[in-house]
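A.B. asks: Sequence:
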Amino acid sequence: MPTIGITLTFLLGGIAGFNPYSTASDKNNAYFTIECVVLATAILPFVVTVILKKLKLISSLHMPLKEERTLPFLITGLLYYSMIHLFSQTWKIPLPILIYQFMIGATLAIIIGMIITYSWKISIHMIGIGGVVGILITLSKTGNNVLFFPIIISIFVSGIIGFSRLELKAHNPGQLIAGFILGFACETLGLFIN
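Sequential numbering of the sequence shown, starting at 88, is according to the numbering used here.
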């Protein structure tokens, strides 16, 4: 979901009334950023999960037991943090502060989700889509209402994801709602972190 959120920020930022390239030296920084986000938030976590399955540290890629989620959450949180550190400290890529704030929000959601997972199976899917909705609503506040339809679509997709998780009996309604609220809140809270 961070991949979707950051990509939407770059693609829809101009529509929402701010220029996501305003501090970037060129669009190559944006493409490089998106590539790194895809690597750190989608590809590497998936590869790690497959390795954990091969090592029999988790029973399936779906991680149905809350006890199985701690290590993948921890590794994903470290990957997210490493990505922020590489962008800001090592590579010193001049990205808009909003991009960093969204990355911090996603990292915060992963860390809090990991802590909650010790005692309760919160929905990872809903944390992610809640974060996307939070990013879109935040982007809409920086400009005009052009993001009305993307926000409506993302809320509709949230409902589809939530319904499918219920149908699969992967979560109960409380776990889904809590996941959505956590993702939304962390992305919104990320705006206040500099």
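It cannot be assumed that every hint is accurate.
Said to hold, decoys possible - In silico DSSO-like links for lysine-lysine, alpha-carbon gap of 30 Å or less:
#1 K256 to K153
#2 K140 to K153
#3 K208 to K153
#4 K228 to K140
#5 K143 to K228
#6 K228 to K179
#7 K256 to K140
#8 K143 to K256
#9 K208 to K141
#10 K256 to K141
#11 K256 to K208
#12 K143 to K153
#13 K153 to K141
Claimed, not checked - The calculated label-pair distances, taken between Cβ atoms and stated as ranges, are:
#14 I280 to V134: 40 to 50 Å
#15 L276 to T94: 15 to 25 Å
#16 I239 to L165: 16 to 26 Å
#17 G261 to P181: 34 to 44 Å
#18 G261 to F119: 31 to 41 Å
For the record, the hints were derived by calculation from the structure and aren't laboratory data.
Ideal Cβ positions, reconstructed from N, Cα and C, are used throughout, including at glycine.
A.B. asks: Starting from K140, check that the Cα of K153 is at most 30 Å away, please.
C.D. replies: Roughly 15 Å separates the two Cα atoms, so the pair holds.
A.B. asks: Holds or violated: K256 and K140, Cα atoms, limit 30 Å.
C.D. replies: The given pair, whose Cα atoms are some 22 Å apart, holds under the 30 Å limit.
A.B. asks: Starting from K228, check that the Cα of K140 is at most 30 Å away, please.
C.D. replies: Not OK: K228 and K140 at ~42 Å, beyond 30 Å, violated.
A.B. asks: With the threshold set at 30 Å, check whether the alpha-carbon distance from K153 to K141 stays at or below it.
C.D. replies: holds (19 Å)
A.B. asks: Quick one: are L276 and T94 within 15 to 25 Å, going by C-beta?
C.D. replies: For L276 and T94 the Cβ distance comes to about 21 Å; the hint holds.
A.B. asks: Given the hinted pair K208 and K141, is their alpha-carbon gap at most 30 Å?
C.D. replies: With Cα atoms ~23 Å apart, K208 and K141 stay inside 30 Å; holds.
A.B. asks: Hinted pair, alpha-carbon criterion (30 Å max): K143, K228. Please report holds or violated.
C.D. replies: violated (46 Å)
A.B. asks: Looking only at beta-carbon atoms, does the pair G261, P181 fall within the given range of 34 to 44 Å?
C.D. replies: At 42 Å between Cβs, range holds.
A.B. asks: Quick check: does the Cβ-Cβ distance between G261 and F119 fall within 31 to 41 Å?
C.D. replies: With Cβ atoms ~40 Å apart, the hint holds.
A.B. asks: Evaluate the given range 16 to 26 Å for the C-beta pair formed by I239 and L165.
C.D. replies: violated (35 Å)
A.B. asks: Are K228 and K179 close enough, with their CA atoms no more than 30 Å apart?
C.D. replies: holds (27 Å)
A.B. asks: Does the structure keep K143 and K153 at a Cα separation of 30 Å or less?
C.D. replies: Status holds; Cα separation ~15 Å.
Of the numbered hints given earlier, the model fails hints 4, 5, 14 and 16; all others are met.
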